[in-house]
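Visitor: Spelled out from the first residue to the last, the chains are:
Number of protein chains: 2
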Amino acid sequence: MTKSIEESPLYPIANPRSIAFFGASNNFMRMGSIMLSSVDLLGYEGMIYPVHPTEEQVRGRRAYRSVLDLPEVPDLAIIVLPTEIVCHAMEECGRKVIKHAIVVSGGFKEAGPEGAAMQRELEQIADNYGIRFLGPNCLGVANPHLKLNPTPLPAEGPPGFVGLASQSGSFITQMFNYLHRHGLGFSTALSVGNEANIDIVDCMEYLGACPNTKVIALYIEGITRGRKFMETARAITPHKPIVALYVGGSEEGKRAGLSHTGSLAGPDEIYDGMLRQSGIIRAHTLGELFDFCLALGALPRPGGNRVIIQTHSGGPGAVAADSLGREGLTLPSLSAGTIEKLRTIIPKTASTNNPVDMTFSKNPMDDFYRIPDILLQEENADMLLVYFLTPDVFIERGMQNMNVPPDTIREEVQKLIDQNVEAFFSLTKKYDKPIIGYTYRSLQEKMVKNLLERGVPIYQGPERAARAMAALLEYYRLRDSLAGRE
Amino acid sequence: MTKSIEESPLYPIANPRSIAFFGASNNFMRMGSIMLSSVDLLGYEGMIYPVHPTEEQVRGRRAYRSVLDLPEVPDLAIIVLPTEIVCHAMEECGRKVIKHAIVVSGGFKEAGPEGAAMQRELEQIADNYGIRFLGPNCLGVANPHLKLNPTPLPAEGPPGFVGLASQSGSFITQMFNYLHRHGLGFSTALSVGNEANIDIVDCMEYLGACPNTKVIALYIEGITRGRKFMETARAITPHKPIVALYVGGSEEGKRAGLSHTGSLAGPDEIYDGMLRQSGIIRAHTLGELFDFCLALGALPRPGGNRVIIQTHSGGPGAVAADSLGREGLTLPSLSAGTIEKLRTIIPKTASTNNPVDMTFSKNPMDDFYRIPDILLQEENADMLLVYFLTPDVFIERGMQNMNVPPDTIREEVQKLIDQNVEAFFSLTKKYDKPIIGYTYRSLQEKMVKNLLERGVPIYQGPERAARAMAALLEYYRLRDSLAGRE
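Protein chains in written order, with this note's numbering: chain A, 5 to 490; chain B, 5 to 490.
So here's chain A without its partners, still in its complex pose:
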């Protein structure tokens, strides 16, 4: 039942070849101007037609007095105008035969009865002209694959595989930096605002069909089309994971959502059941939402819940073991064959219990290939969790003290890191088992960052890794159970 992507009203919204832009001017402090500057920064290659009543030029482009004057019919109109003149702009778009729009402007249903009346008028105009639109009171779309980012904040990092449908505009524009630092990126992010014409179900359906999207993230304050939501999700989850953060379940979250988008939230248990019955994994924080996306998008299906921990420090190993235990994962003992293979390359004081604690490295290169390679062959285990303590400063200090010439240290460190990254990364191709890392240091340190960029999930702290691994298992469990029911 998932439609082809081109049939979705969101296709021209997320992939426009040309845009009429209402509300950008040469005054940078206007929201429209800020949004257009983000578009320029990312380098969208389609046509932009600024529409402005008085300016001749807007940010270096020819401006048009009326959308009716444009030399072509653009695929999309983006409207960032004062509330009172939005309906007029929509009417003009209709007359120009523009079929798709994003209404960024707020002051509609979320602002009280007067705004609600204005929203009804807006909906009527759109219906009259057959216009499909996102919003009002939204930030629309970001499609980094198309270098399209008409949102207030500059995009950061490369495009990725997370498709976001959000009832908060903030999360499609304020998470670029967060995602980039955590090894992720948006495929396409959609902000639905007041959902006057297109709702989160439409967005989910679009992302389900979107080839750049490996996993769908939902930010939910309240769902109106409950039955359709479940039907759509159940058609998607057998082939693409969906993770949802729902904040309306607590009294405080509910009231905040009501004042934010006017959405009506429901009890936590109802949503919990609805999500589970749709095969959707539930996250309880924004951090979890994206942590789960990373695991679900990057890792193969695990054969079961048995995990080996590889560490060279007892404490971080014990904390990881405790975290895994609390999430329902188990730590199998290593088989005799594995222990025998390890013995020759790890120190005498090392532990071949699980966590495998090397205490220190006889040969640091082994940490990133020979040892995990042996552990991944262990038939008693389904996943590998590796502790990363690879500070640049540590490697540099080592080289200094081993009399590597100072002017070559930087280069030598990079060479060493590249080798280790390549070796470790090759294991993800060699084995069909999930390989996950954790660290307490910054994810921006060279080795970890390079691995994240290669698609290896590394988390800050073992508890985040453990929860992501549990979510991975839960997805396949739900999927199997839904398949059994059909």
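Any given hint could turn out to be false.
[Said to hold, decoys possible] Each computed DSBU-like pair below joins lysine-lysine, with the alpha-carbon atoms no more than 35 Å apart:
| id | chain 1 | residue 1 | chain 2 | residue 2 |
| --- | --- | --- | --- | --- |
| 1 | A | Lys244 | A | Lys232 |
| 2 | B | Lys434 | A | Lys453 |
| 3 | B | Lys151 | B | Lys434 |
| 4 | B | Lys151 | A | Lys366 |
[Claimed, not checked] Here are a few chain B residues that sit away from chain A, every Cβ distance over 10 Å (derived from the structure):
| id | residue |
| --- | --- |
| 5 | Glu10 |
| 6 | Tyr48 |
| 7 | Ile52 |
| 8 | Arg65 |
| 9 | Glu118 |
| 10 | Phe165 |
| 11 | Lys244 |
| 12 | Ala260 |
| 13 | Gly261 |
| 14 | Gly307 |
| 15 | Asn384 |
| 16 | Arg401 |
| 17 | Asp436 |
| 18 | Glu457 |
[Stated by the list, open to error] If you want a taste of the chain B side facing chain A, the calculated C-beta under 8 Å gives, among others:
| id | residue |
| --- | --- |
| 19 | Tyr68 |
| 20 | Leu157 |
| 21 | Arg185 |
| 22 | Val251 |
| 23 | Glu256 |
| 24 | Val323 |
| 25 | Asp326 |
| 26 | Gly332 |
| 27 | Asp361 |
| 28 | Asn405 |
| 29 | Val408 |
| 30 | Gln418 |
| 31 | Lys419 |
| 32 | Gln423 |
Think of the hints as simulated: they come from the structure by calculation, not from any bench. Glycine included, each C-beta is placed from N, C-alpha and C at the ideal position.
Could you slot chain B onto chain A? The hints should help.
Guide: For chain B alone, kept in the frame of chain A given last:
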């Protein structure tokens, strides 16, 4: 009952004027050499006497064949030798009348019956000579206030107020970078290893008396002196908060701890009750351990659980409201007087519900003084939680687009940030209410980093802030309840 700090056997260990150092050489790949290089990097100003059987000099210092040859009796011996010769070194220290030691070497009780016998011999020698020691199988101490860091990793960041007593050595050396990035630092960190002579209770007692320590963090795999632990904690918690992470409660954590330090863990519920009855706040992850320390060390006592959220984005506000709600915190409505004061300086579309959502800033400077100043006067609220979205790139782009000359932008950005930091920081002096921030961007961005450095707690994500606020309330609740019982 808490002794004066000088009476503690840990005082000379954490504050030595001179150290005999066994096991450092000119071969950098030895653990002892690596540890001595950390000491050099941080710039310890006391005397170090390397003891080495063959080297004339070690890392530029005169080396001594035997500790008996030293020109003075050092306050402390640090022993990083192969297991088999540790007892001999301890014997020689005794003959030199050295009274305090750190035994880093492993291979004792944690390694099996043979090691256990060797540990008993070591204990006997120490008793014969009246030597008090940390370890074996530990990393000893880091005291950044004394610029003393004889642990494998280089110290980072300034000294701080967190006193750590840890049954994992890793956490006293591998957390420098983590703490520094999160606005924290150690006052003194102690690693107890196998606790042959000094245990975690002694460390807690020492940190209770340590003037640099505002809050105590414990990393626990298993406690042997349960009664003494509780007595000691109950003497400390009325004047200094203690936060504990216990990992032995899950089956997986218990087994990992057993193989790590040979400690015997107990059921989760028993520890839970023991900690609570001692007035100790329990953390469930290492992240929480330090998040709670930050709040407890940096914030005044809250009057109650009523929180105002200040945001300019609906989604982050709703997620924060939900997080607070789940942690038992409440969001009061603003009184009419507060709303009236706000109305003149926030946009028409802003919400004066709680979360206070400004949607955008009429004057961005108001976000960091005038608005929070009004919110802090609200008599219906006990705490303020502020959303930070202050990317350098955003401010820079704004200035570029407002035609600030390119060569002055960096300076202007810094000036603006300094003003905002100063203004916001002044509120923490003006009001006796906890002020907490959260962000989804990096804590390393200028404004947030500067505020962290000034001691304002800012967390990554509202859920971490919410849990820290709940821990703050819980500490005072437990403290009052213990006081009532006495």
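Visitor: Next step is simple, just say for each hint if it's right about the structure.
Guide: Evaluated hints:
This hinted pair checks out: Lys244(A) and Lys232(A) have alpha carbons roughly 18 Å apart, not beyond 35 Å. For the hint pairing Lys434(B) with Lys453(A), the CA-to-CA distance comes to about 42 Å; that exceeds 35 Å, so the pair is violated. In summary, the hint linking Lys151(B) to Lys434(B) is supported, as the alpha carbons are separated by about 33 Å, within the 35 Å threshold. Proposed proximity of Lys151(B) and Lys366(A) is supported: the alpha carbons are some 30 Å apart, at most 35 Å.
Even its closest Cβ contact with chain A, about 30 Å, leaves Glu10(B) beyond 10 Å, as expected for a residue assigned away from the interface. Residue placement check: Tyr48(B) keeps its beta carbon more than 10 Å from all beta carbons of chain A (closest about 16 Å). Every C-beta of chain A lies more than 10 Å from that of Ile52(B), the closest at about 17 Å, which supports listing it as non-interface. Under the 10 Å C-beta cut-off, the non-interface status given to Arg65(B) relative to chain A holds; the minimum distance is some 15 Å.
With a least beta-carbon separation of about 13 Å from chain A, Glu118(B) lies farther than 10 Å from that chain, consistent with its non-interface assignment. Consistency note on Phe165(B): stated as away from chain A, and its beta-carbon is indeed over 10 Å from all of that chain's, at 20 Å minimum. At roughly 24 Å, the least C-beta separation between Lys244(B) and chain A is larger than 10 Å, which holds for a residue marked as non-interface. Remark: the non-interface label on Ala260(B) conflicts with the geometry, its nearest Cβ contact in chain A lying 4 Å away (cut-off 10 Å).
A beta-carbon of chain A comes within 10 Å of the beta-carbon of Gly261(B); the shortest separation is about 5 Å. The claim that Gly307(B) is not at the interface with chain A holds, since no C-beta of that chain comes within 10 Å of its own (minimum 19 Å). Distance check on Asn384(B): its Cβ is at least 15 Å (rounded) from any Cβ of chain A, clearing the 10 Å threshold; non-interface status holds. Residue placement check: Arg401(B) does not keep its beta carbon more than 10 Å from all beta carbons of chain A (closest about 7 Å).
Interface exclusion of Asp436(B) from chain A stands, the closest Cβ pair being 24 Å apart, more than 10 Å. Non-interface status of Glu457(B) relative to chain A is upheld: no Cβ of that chain comes within 10 Å, the nearest being about 17 Å off. Taken as an interface hint, Tyr68(B) does not check out: its beta carbon lies about 22 Å from the nearest beta carbon of chain A, beyond 8 Å. Against a cut-off of 8 Å between C-beta atoms, the interface hint on Leu157(B) holds, since the closest Cβ of chain A lies about 6 Å away.
A hinted interface residue such as Arg185(B) counts as satisfied when its beta carbon comes closer than 8 Å to some beta carbon of chain A; here the least separation is about 6 Å, so the hint holds. Annotation: interface hint on Val251(B) holds; nearest CB of chain A at approximately 4 Å, less than 8 Å. Checking Glu256(B) against chain A: minimum C-beta separation of about 3 Å stays under 8 Å; hint holds. With a cut of 8 Å, the hint placing Val323(B) at the interface with chain A holds, because the nearest CB-to-CB distance is about 6 Å.
Among the interface hints, the one on Asp326(B) holds; its C-beta lies about 3 Å from the nearest C-beta in chain A, closer than the 8 Å criterion. With 8 Å as the threshold, the beta carbon of Gly332(B) stays out of range of chain A, its nearest partner Cβ sitting at about 10 Å, so the hint is violated. Restraint check, Asp361(B) versus chain A: the minimum CB separation of about 7 Å is within 8 Å; hint holds. Hint status for Asn405(B): holds, given a least beta-carbon distance of 4 Å to chain A, under 8 Å.
Of the supplied interface hints, the one on Val408(B) is violated, with its beta-carbon coming no nearer than about 11 Å to a beta-carbon of chain A, more than 8 Å. Given the 8 Å rule on beta carbons, the hint for Gln418(B) is violated: about 20 Å separates it from the nearest Cβ of chain A. For Lys419(B), the suggested interface contact is broken, since its CB lies about 19 Å from the closest CB of chain A, more than 8 Å. At its closest, the beta carbon of Gln423(B) sits 19 Å from a beta carbon of chain A; the interface hint therefore is violated under the 8 Å criterion.
Hints 2, 12, 13, 16, 19, 26, 29, 30, 31, 32 from the list above are not met by this structure, while the remaining hints are.
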